[in-house]
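Undergrad: Residue numbers (the working numbering), protein chains in the order written: chain X, 1 to 192; chain G, 1 to 197; chain C, 1 to 201.
No lab work stands behind these hints: they were computed from the structure. Mixed in with the good hints there might be a few duds.
[What the hints assert, rightly or not] Quick list of in silico lysine to aspartate or glutamate cross-link-like pairs, EDC-like style, CA-CA up to 20 Å:
no.: 1; chain 1: C; residue 1: K67; chain 2: G; residue 2: E3
no.: 2; chain 1: X; residue 1: K71; chain 2: X; residue 2: E127
no.: 3; chain 1: X; residue 1: K71; chain 2: G; residue 2: D105
no.: 4; chain 1: X; residue 1: K71; chain 2: G; residue 2: E189
no.: 5; chain 1: X; residue 1: K94; chain 2: X; residue 2: E37
no.: 6; chain 1: C; residue 1: K98; chain 2: X; residue 2: E128
no.: 7; chain 1: G; residue 1: K193; chain 2: G; residue 2: D132
no.: 8; chain 1: C; residue 1: K98; chain 2: X; residue 2: E127
no.: 9; chain 1: C; residue 1: K62; chain 2: G; residue 2: E3
no.: 10; chain 1: G; residue 1: K185; chain 2: G; residue 2: E27
no.: 11; chain 1: G; residue 1: K92; chain 2: X; residue 2: D4
no.: 12; chain 1: G; residue 1: K42; chain 2: X; residue 2: D170
no.: 13; chain 1: G; residue 1: K42; chain 2: X; residue 2: E128
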Amino acid sequence: MFGDLAVLFFSCVLINNILLIQYLGNCPFLGTSKKMETATGMAMAVVFVLVLAGIITWLVELYVLVPFNLKYLRTMAFILVIAALVQFVEMFLKKSIPALYTGLGIYLPLITTNCAVLGVCLLNIQEEYNFFQMLISSFAYSAGFGLALVLFAGVRERILLARTPKPFQDTAIGLVTAGMLSLTFFAFKGWV
Amino acid sequence: MREIIYMVVVLTGISLASGGLLAALREGTQERIDQQVLEFVKGPSVRAVFKDAANDPIATRFQLKDGPTVRTFFVGEIEGAFRGVALEAAGKGYKGEIGLVVAIDTQTGNVIGINVTTHSETPGLGAKAKTDPAFAAQFNGVPVSGPAKVTKDGGSINAISGATITSRAVAGGVSNAFTVYERLKPQIEQKLKEIRK
Amino acid sequence: MAKTLVQEFTKGLWAEIPPFRLVLGLCPTLAITNTLENAYGMGIAVTFVLTFSNVLISALRKIIPPKVRIVAFIVVIATFVIVVELVMQAYTYALFLKLGIFIPLIVVNCIPMGRAEAFAAKNGMVRSALDGLGLGLGYTIALSVLATFRQIIATGALTVYETPITLFGPAFEPFRFLVEAPGAFICLGLMLGLMNILGKK
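If we strip away everything but chain X, and leave its shape as in the complex, we get:
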């Protein structure tokens, strides 16, 4: 069983990287990857929220949606859970770790609309993961997101120093670079 979970872990972080291979989480990706600090802050926040969200949504599916035949309301239930969770995390951080709260700034509430968070919660159900698989998947996907984000921020900081043609500056060249990064992650496909 552990071998299996290890394979799951690596496939979520690298082979099926949620951002570069499965296309989820792009909006904040392009928005927060301009500076290394914001990127690392966002990465950590996403890991924290996604693991918690994964657990709660999985439990909601198991104990509320399935027994009451409400599976068609899954989208609504999950997004409300995520929004509420982000609110709580915000309030909690404000009181307990104010430094982190101000560091993350506007990016914390933005996690609600991060497609990767809702996406992974839905994937956990779609793939019919058990509790341990769900934990690994949530953690590994968010770690993969963070990894891609931080790598990208590093590259982007360098690009700022290069001479890019005007129409391509900022987002356009960012996307092309993301494509290159995605290509390198593609190389992992043959691994498993």
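Given the structure of chain X, go ahead and fit chains G and C onto it with the hints provided.
TA: Just chains G and C now, with coordinates in the frame of chain X:
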């Protein structure tokens, strides 16, 4: 205080309206959706096990109550007679449930064919239960009296190498199908008589 | 500077076209533009959700208390997303399977949320409807153009409805790279650059 009450009232109002709309829509579309799921998800498997049938096994189907569960049986017309029935079964695989469709010839009491519908098994290993026709073909002709077991458990089915759990699960699912079939045999015969008229 | 009603609609088709000018709604853009059918299917779904949620939120804008507006927006948008989910399951099951997880993800697509906050909450119902329709249509067009380009070059075929229509003979060497993730990113980046060049003129 009044502010909070107002917020709660508004949100509850919106939620109720939303819930009402969605529940109503769900009622309205339920039947069509079930039909679509049948066509797209189970359809291919049912048609695959009844590939020599002269009729449309999806269209010719009936349901029976088996205790608390309602089971759907698909009928296949073979050699001029409505004698093939396919039912759904499941086995506990490596990574979750393996869904099966098992077709039985009611006249000979043997399996016509089996097909894997849904699974979460490892691609290249357990997934071969679905992709490798030779594996499923081993179940053809197996009598309902059984056994449907892998060689390791004393049966005649060769497990997929590297996927013993998956193979066992499929065999187990087929055995379950046998049990259900035997249990409901009188009612199945009855329904087939009605269809033949 | 007030816009005429017609301008409210047409701005979504060029000046503020998502995802190029209005950098919102990127997630599905990359995933869904592998075939033309997926692209316009998703576009229509988003247009539906966007227009209806814009109208409803605009209608309720004076009633929704500011502190809970995000939650209220989420409930409204999620409702219409589920409507789309159920209707697609009932009438276009094959497309529903192809778009998969991206249909429920419309709820976190920045376009409906963004427009609800930036526009519908501050404008009348008619304007909000036009805003939704215009942006939605623009989005559909943008997705379709990108998808057409990607699909033709990557596979030599185009799926207008269900089955792909092969456009080139067997001598055509498909540039498969474009249909996979890296190609999508690069393609979008190049198109964005192109839009910027065209826009400057």
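Undergrad: So which of the earlier hints does this model not fit?
TA: 3, 4, 7, 10, 12
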